[in-house]
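Just need the whole structure built from these sequences, with the hints factored in.
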Amino acid sequence: GQIKIEGNSKNGNRDGAHTWYYINGQIKKEGNFKDGRRDGQHTWYYKNGQLREEYDYKNGS
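Numbering (the UniProt record's numbering), first residue to last: 1 to 61.
Heads up, a few of these hints could be off.
The following label-pair restraints were derived from C-beta to C-beta distances [unchecked claim]: (1) G1 / Y57: 25 to 33 Å; (2) G7 / D56: 16 to 24 Å; (3) N48 / G12: 31 to 39 Å; (4) W20 / S61: 15 to 23 Å; (5) I3 / N48: 13 to 21 Å.
Keep in mind the hints are simulated off the structure, nothing from the lab. Just so it is clear, CB atoms sit at the ideal spot from N, CA and C, and this is done for glycine as well.
Below is the structure:
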């Protein structure tokens, strides 16, 4: 199968850098988590690899 998401967890929560992929192998989303909450920059891409949008999160919001 193909990888859909890469990342680590701590105590059952997402923690650290995570990357999601489209079925075509292109990156769909990249972002960092701390204790299961979005933390830092999260970047979304279109299926063709072009930048879609970016958000900066702190403690989940």
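The hints, checked one at a time:
1. G1 / Y57: 25 to 33 Å: holds, 30 Å
2. G7 / D56: 16 to 24 Å: holds, 19 Å
3. N48 / G12: 31 to 39 Å: holds, 35 Å
4. W20 / S61: 15 to 23 Å: The hinted range 15 to 23 Å holds for W20 and S61, with Cβ atoms some 20 Å apart.
5. I3 / N48: 13 to 21 Å: holds, 19 Å
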